[in-house]
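Novice: With chain A's structure known, arrange chain B on it following the hints.
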Amino acid sequence: MTSLGRSPWRRRSLLKGLGVLAIAAGGGLLRPLAGLAANFPLPRRAFEREDPDAAMEEALGTTEVLEGHVTLTAPDKAQDGAVVPLTLESDLEDVARFHVFVDKNPRPYIARIHLLGSPRPKAELRIKMDETSAVHGVAETGDGELYRGTKRIEVTISGCRD
Amino acid sequence: MAETGDTRIHIGEAEPGEPVWVQSLIMHPMETGLREDPKTGEPIPAHYIQKVKADYNGERVFEADWSTAVSKNPYLGFYLPPGEGGTLEITWEDNQGQVFSARAEVGSG
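Here the protein sequences line up with chains A and B, keeping their order.
At position 21 of the first sequence (counting the first as 1) the number is 21 in the working numbering, and the numbers step up by one without a gap.
At position 75 of the second sequence (counting the first as 1) the number is 75 in the working numbering, and the numbers step up by one without a gap.
For reference, chain B alone in the conformation it holds in the complex:
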């Protein structure tokens, strides 16, 4: 079973001079805070990723601010600038202070 915070990053083919498409997934409940536990009737506290950051060779290239209405196990696709390749690091931060991070190597275009 996937656990909260498990991540996957897929880097698209790097064509010379072309942006590189990145797809990412993180396992996360994305609880809205509006639900109740069906057994106890107790409200389930909000637990969701509110910030995503992507750093490419140490430089911020992408950032996202999320509400509770982003789906469970959030997916995100975006482009990286063309270049020599290097390391992409994606960081996800949730509203309970947990930080998850993953790296992937990008080939040269």
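Isolated chain A, as found in the complex:
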């Protein structure tokens, strides 16, 4: 391991406003962005759905999701709904992506994570929760099979209104 790789939380300079400049210049003039064409389109319509079943239907094409093979690790009680840490893991070998849903959020579909060259199906993130709710971590395999792990997380202070 290099010394650079060993330094913890190495601060990086920001490229604030670069995107605005790059767009104004016709894109990619300042610096080529690798693999830009590989972008997955944003699931905008699914993110906007307000009903949990409608959100899942829009995001996954179905609400038929089998139980199991996904471990969702999170606190039982989240004092601050603005910052709820989640760890998603699966024992399946061929996980293409993870999806996160919070049933009682104003918009239940939270995030989609694509594990392209990522060899071990695990991801961590922090989310906002409006109130106490079931949270679902869904693993989608390369064959399109869907499995979920669900956890009820109690929220003391809402994290969506502030």
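Check each hint, because a few of them may be wrong.
Unchecked claim - Under the rule of at most 27 Å between Cα atoms (straight-line distance), these lysine-lysine pairs were calculated in the DSS-like manner:
1. B:Lys51 with A:Lys122
2. B:Lys51 with A:Lys151
3. A:Lys104 with B:Lys51
4. B:Lys72 with A:Lys151
5. B:Lys72 with A:Lys104
6. A:Lys122 with A:Lys77
Unchecked claim - One side only, chain A facing chain B, incomplete, derived with CB under 7 Å:
7. Phe40
8. Pro43
9. Val83
10. Arg112
11. Ile113
12. Glu124
13. Leu146
14. Tyr147
15. Thr150
16. Ile157
I should point out that these hints are in silico values taken from the structure, not numbers from a laboratory.
In this text, all values refer to a predicted model and were calculated from it rather than measured experimentally.
Cβ coordinates follow ideal geometry from the N, Cα and C atoms, glycine included.
Specialist: For chain B alone, kept in the frame of chain A given last:
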């Protein structure tokens, strides 16, 4: 004070033949668009990161699509494939067209 777009990347220990755990942070307000300014009562426009991309030696290894319900100053942890090491570049794009990017060197496993 940290400013919007400040980033941190931490690369875990590279063990031979094992995936490498990466942790990243970016300073960003992640405004939902649902809030009002407490002083003026005016709605605060949505301002949030909607796409994260990770390229390892120029190859896309990870991508995330985010709604407004990802927490302020978003954290993300994921695995890189084992290998010879190299350069990891993470790019964050927000809904107002700003693009932030950071690089880190990964040791050989």
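Novice: Could you check if A:Ile113 really has its C-beta closer than 7 Å to a C-beta on chain B?
Specialist: This interface hint holds because 5 Å falls under the 7 Å limit.
Novice: Please check whether A:Phe40 passes as an interface residue: C-beta within 7 Å of a C-beta belonging to chain B.
Specialist: The hint holds - A:Phe40 has a Cβ within 7 Å of chain B, the shortest such distance being about 6 Å.
Novice: Interface hint check: A:Pro43, Cβ to nearest Cβ on chain B, cutoff 7 Å. Holds or violated?
Specialist: holds (6 Å)
Novice: Is the hinted pair B:Lys72 and A:Lys151 satisfied, with a Cα-Cα distance of at most 27 Å?
Specialist: Holds. B:Lys72 to A:Lys151 sits at ~22 Å (cutoff 27 Å).
Novice: Against chain B, with CB atoms and a cut of 7 Å, does the hint on A:Tyr147 hold up?
Specialist: Violated, because the Cβ-Cβ distance from A:Tyr147 to chain B comes to roughly 19 Å (cut-off 7 Å).
Novice: Using 7 Å as the Cβ threshold, decide whether A:Glu124 counts as touching chain B.
Specialist: OK, holds: A:Glu124 within 7 Å of chain B, min 3 Å.
Novice: Holds or violated: A:Thr150 as interface residue toward chain B, Cβ cutoff 7 Å?
Specialist: Not OK, violated: A:Thr150 not within 7 Å of chain B, min 17 Å.
Novice: Holds or violated: are the alpha carbons of A:Lys104 and B:Lys51 at most 27 Å from each other?
Specialist: Holds, at about 24 Å.
Novice: Given the hint that A:Lys122 pairs with A:Lys77, test it: the Cα-Cα distance must not exceed 27 Å.
Specialist: holds (22 Å)
Novice: Checking hints one by one. Is A:Leu146 an interface residue toward chain B, by the C-beta closer than 7 Å rule?
Specialist: violated (17 Å)
Novice: Would the hint on A:Ile157 stand, with a C-beta cut-off of 7 Å toward chain B?
Specialist: Violated - the Cβ of A:Ile157 stays beyond 7 Å from chain B, reaching only about 13 Å at its closest.
Novice: Assess, step by step, whether the Cα of B:Lys72 is no farther than 27 Å from the Cα of A:Lys104, and give holds or violated.
Specialist: Answer holds: B:Lys72 to A:Lys104 is near 19 Å, not above 27 Å.
Hint violations for this structure: numbers 13, 14, 15, 16, all remaining hints satisfied.
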